[in-house]
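Chains as they are written, first to last, in this note's numbering: chain D, 1 to 234; chain A, 235 to 350.
Hints were generated in silico from the structure; no laboratory data involved.
Relax, there's no trap hidden among the hints.
Just some of the chain A residues that point at chain D, by a computed CB distance under 7 Å:
hint : residue
1    : V245
2    : T257
3    : P291
4    : L296
5    : T303
6    : P306
7    : A310
8    : T314
From a predicted model like this one, the values you see are computed outputs, not experimental measurements.
Heads up, the beta-carbon is just placed ideally off N, CA and C, and yes, glycines get one too.
Okay, here's what each chain looks like letter by letter:
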Amino acid sequence: MVKKGFTLLMLGGLGSILLKFVLDFKEKLALPEVSAHYVQNGPAELGAPNVVTSVVVTYRGLDTLGEVTILFAAAAVVGLLLHLNQNKVENRTEGSELLKTGSALLFPLIILFGTYVFLNGHLTPGGGFQGGAIIASALVLSILASPNRKIGHTALGILESLSGVSYVILGLAGALLTANGFLNNRILPLGEYGTLFSAGLIPVIYSIIGLKVGSELSSVVIGLKGESDEEAHQ
Amino acid sequence: MIGTIAIVTGVALVLIGLWAVLTNRDIIRMIVGFSLFDLGVHIIMLSVGYISGGTAPIIESLSDIGKSTVDPVPQALVLTAIVIGLGITAFMLTYAVNMYEKKGTLEIDKYEELKW
Chain D
1 MVKKGFTLLM
11 LGGLGSILLK
21 FVLDFKEKLA
31 LPEVSAHYVQ
41 NGPAELGAPN
51 VVTSVVVTYR
61 GLDTLGEVTI
71 LFAAAAVVGL
81 LLHLNQNKVE
91 NRTEGSELLK
101 TGSALLFPLI
111 ILFGTYVFLN
121 GHLTPGGGFQ
131 GGAIIASALV
141 LSILASPNRK
151 IGHTALGILE
161 SLSGVSYVIL
171 GLAGALLTAN
181 GFLNNRILPL
191 GEYGTLFSAG
201 LIPVIYSIIG
211 LKVGSELSSV
221 VIGLKGESDE
231 EAHQ
Chain A
235 MIGTIAIVTG
245 VALVLIGLWA
255 VLTNRDIIRM
265 IVGFSLFDLG
275 VHIIMLSVGY
285 ISGGTAPIIE
295 SLSDIGKSTV
305 DPVPQALVLT
315 AIVIGLGITA
325 FMLTYAVNMY
335 EKKGTLEIDK
345 YEELKW
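Construct the complete structure from the given sequences, taking the supplied hints into account.
What follows is the structure in structure tokens.
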């Protein structure tokens, strides 16, 4: 009874705060000053049609570096905690023939789609984080199809570390080569507006982020999957 | 109009998520509740950045500059928030796996070490 009252109190309190917020809400008619600057000058300044990408990768690039670091820390802690106990899980039921064939067919296509999404992050909706998540989802599908297969993740670890290091090096190159500072994308030519090879460093950095996020999420998924008896003997 | 619908949906999701976290006794269900809460907060942030009649902040050619778009900054912020939320969810699930391996149950009532 006390628990229920406490729950209702919490819900009512948060609800009344948010209710005032909803009642006072009015759709804005014009952009705030900073956003208006990004929208009006961003395309010409950085050469990227997708303004969200230019905010994420260049204008607020340092925040994205921090975000990638947090994701790395989360993946590292997940790996550490899951490796502390060496308990083996039981063998899981194999996926049906339909699932196996389907996942074998779809696996390369999903990887290709993920690559497309992060390569075109500066032109279309999407980018490194989205593309990386799509690539990791291909791995989830293949784990569902054959849950007892051992997946070596040494290569994933190397890919992850390499892309993390090259992200920082490219960011520093911007600081050393130009006066405009850390993570400046104009150390490569801006190219023709709206084409794949344009916007300077943005597609390069977003591809690196895509590879890093893809390999990190994959190793989180492999860690959460655990290791079955059968794998241990392989 | 779209902004109002979005903010009402977001607030509803936040409240449903908090309710799920507070009333469920199963740890996996609590994690699902947390994810709902997270999603609601993201939708609220996006609705704050909505501009009436604005399009997506993707400017196809340089002559389109000046047309009304929605605010790109909250979208970039939500992109960050989604990734952080994902990291936290993975972290919570790892704890759930470890707790299950220690006690063989995910019922929160069976964990009495921190009860007062």
